[in-house]
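Given the sequences, and given the hints that come with them, work out the whole structure.
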Amino acid sequence: MEIRVSPTRMELTKLKKRVAIATRGHKLLKDKQDELIKKFVDLVRRNKELREQVEKELTSALQDFVMARALMPEEILEESLMYPIASVDLEVGRKNIMSVIVPTIESNDQTEGDKNIYSYGFANTSGQLDDAITTLSGVLSKMLELSEVEKTCQLMAVEIEKTRRRVNALEHIMIPQMTEAIKYITMKLEENERSNITRLMKIKDMVMVEGRV
Amino acid sequence: MSKNAYLYAVGRVKALETKLLSKSTFERMLEAPTAQDALKVLGETDYGISFGDAESVYDFEKIIYSNLKKTYKVVDESTKNPLFTRMSTLKYDFHNLKVLIKGEYLGDDYQGITMDLGNVSIEKIARAVRDMDYKDLPVVLKQAAEEAVVDFELQKDPQRIDIILDKHLFKAIYQMALETGHAFALEIAQTEIDLININIFVRCRRMGRDVRFLETALLDNGILEKSLFIESYNEPLSAFTEKLFMGRYGEIAAEGIQSLEDTNSTTILERMMDDFLLNKSKKGKYATSGVEPIIGYIKAKENEGKIIRTIMVGKINNVPADKIRERLRDVYV
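Listed in order, the protein sequences are those of chains A and B. Numbering-wise (the working numbering), the first sequence opens with residue 25 and increments by one. Numbering-wise (the working numbering), the second sequence opens with residue 3 and increments by one.
Simulated from the structure, these hints should not be mistaken for lab results. There may be inaccurate statements among the hints.
[Claimed, not checked] Partial selection, computed: residues in chain A whose CB lies under 7 angstroms from chain B: (1) Thr-83; (2) Phe-89; (3) Ala-94; (4) Tyr-107; (5) Gly-145; (6) Lys-212.
[Stated by the list, open to error] In silico lysine to any residue, SDA-like type, Cα no more than 25 angstroms apart, as pairs: (7) Lys-72(B) to Ala-85(A); (8) Lys-158(B) to Thr-158(A); (9) Lys-126(B) to Leu-101(A); (10) Lys-71(B) to Glu-98(A); (11) Lys-325(B) to Lys-175(A); (12) Lys-144(B) to Ala-85(A).
For every residue, glycine included, the Cβ atom is placed at its ideal position computed from N, Cα and C.
If you want it as structure tokens, here you go:
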């Protein structure tokens, strides 16, 4: 597809300006894309690492839970955990990575003071429950980081996709089309020029013939 | 009290002892391919009558409870002395009290996790907790509830509710054991207290709590002095093991606490503790008179419930048989 333009000098200058801008934009977007991909790869790697860790720890915590459940009646297990003792304050903010707005999650442990996370007595409960709670409380901060990183990855992926589409559009469609149009106008103008010269030469010839007469 | 005081009860319990589940039954449950099949094995035993309308495998708790209830009833009827079962059922009243006090502070209804095995009706406890008026409750519950509520108002720490109520519970059990006037009842109660104290000691260390906390958490009236735990708290675990080594808990110290150090898991220690208590209760199996068979039978029944629970939870969650076996308690018969 080509751009329909009227072959005038004014159009030509306009187009030339647009090509210049498009080329500069293309270069900038390309740089942005490269940088985004670099950051994205780092994040994805971190994401994988975190996810593996979290999944491993969660599995072990849940296994401990099952074993604790096997040693304690359901009611006692629930009673032990019904009144949570630890609380966490979450603060969700925004961060700008290469003009992608990504979330940040800050957690403030409210139980920093005495460090007790076990909300139950000892007489009827099993030590396996302690293990499960310990693992779970350790995994929370990692889960928060994971959620942050994973969301960032998703947003970055969308942005990369968008940028790539723009870069491609510029590189393969916009710029070639405009160059094409420029070529067309220049050719048209040159053609006009040539027909003009021919016309002039013809007139000159005719004038000269008439002059002689 | 004369040795022949409970002849009828002993006779009845001895007859029932034969119906206790044996190791081979549990082994069959373990080897069953699914939870449903394990439950079926259980249905062929004395537990069959307790099945009632239990259909799903998740109803196994109901079955255990209804069977336990029957056990308590039989013992009560035949001994005409409520103290024996009361030593066991009091813990359910305390559990309900814990649930209801915590529920009151959380402002939600938690009656779903109360246990209907105690002697005091749940409504009665719920009413007392709601009105903060405990005069209708038995005196042990009343004292415990009052102390726990006052403490919670000050400290806002739900763990302390459990700890305070546990302390009152075991104090009451100890008192009741004294009241029965039988050395065996006292021995069992005190052994239980000691074992829980050892467990508290070990778990507090793992949790990284300070010695002051340990002091509040330890139960009174054990055979082992509280000072033994407190003094050893800041020493290495091996020092504590050595102190226990020569005493009656030598076996637990040697193997159980050692395994804790090796594997960093309390699994074996806890199993050994339960087995230890069961072994002490087994005296009842060989006695032909006195209170030993009665107390032994109650403990055996409770132990049976524990084993069934472990197997069923394991089966439902597809835990490998070996892993379940590792956690299985010994059997009485």
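### Task
May I ask you to test the interface hint for Phe-89(A) with respect to chain B, counting a Cβ-Cβ separation under 7 angstroms as satisfied?
violated (10 angstroms)
### Query
Is the hint on Tyr-107(A) kept, meaning its closest Cβ partner in chain B is under 7 angstroms away?
holds (4 angstroms)
### Query
Do the numbers back the hint for Ala-94(A), that is, is its least Cβ distance to chain B under 7 angstroms?
Hint on Ala-94(A): holds, closest Cβ of chain B at ~4 angstroms, below 7 angstroms.
### Restraint status (C-alpha distance of Lys-72(B) to Ala-85(A) at most 25 angstroms)
Violated, at about 36 angstroms.
### Task
Compare the distance between the alpha carbons of Lys-144(B) and Ala-85(A) with 25 angstroms, and conclude whether the hinted pair is satisfied.
violated (37 angstroms)
### Distance restraint between Lys-126(B) and Leu-101(A), which requires alpha-carbon spacing of 25 angstroms or less
Status holds; Cα separation ~23 angstroms.
### Message
Would the hint linking Lys-71(B) and Glu-98(A) be met if the CA-CA limit is 25 angstroms?
### Response
Holds: Lys-71(B) and Glu-98(A) sit about 17 angstroms apart, inside 25 angstroms.
### Query
Are Thr-83(A) and chain B close enough, Cβ to Cβ, to be under 7 angstroms, as the hint says?
This hint is violated: Thr-83(A) lies away from chain B, its Cβ roughly 13 angstroms from the closest one there, beyond 7 angstroms.
### Query
When the nearest CB of chain B is found for Gly-145(A), is that gap smaller than 7 angstroms?
Because about 3 angstroms separates Gly-145(A) from the closest Cβ in chain B, which is inside the 7 angstroms limit, the hint holds.
### Query
Given the hint that Lys-325(B) pairs with Lys-175(A), does the C-alpha gap stay at or below 25 angstroms?
violated (38 angstroms)
### Query
Would the stated hint for Lys-212(A) survive a check requiring a Cβ distance to chain B of less than 7 angstroms?
violated (79 angstroms)
### Task
Decide if the proposed pair is consistent with the structure: Lys-158(B) and Thr-158(A), CA atoms, cutoff 25 angstroms inclusive.
With Cα atoms ~21 angstroms apart, Lys-158(B) and Thr-158(A) stay inside 25 angstroms; holds.
When the structure is compared with the earlier hints, violations turn up for hints 1, 2, 6, 7, 11, 12 and for no others.
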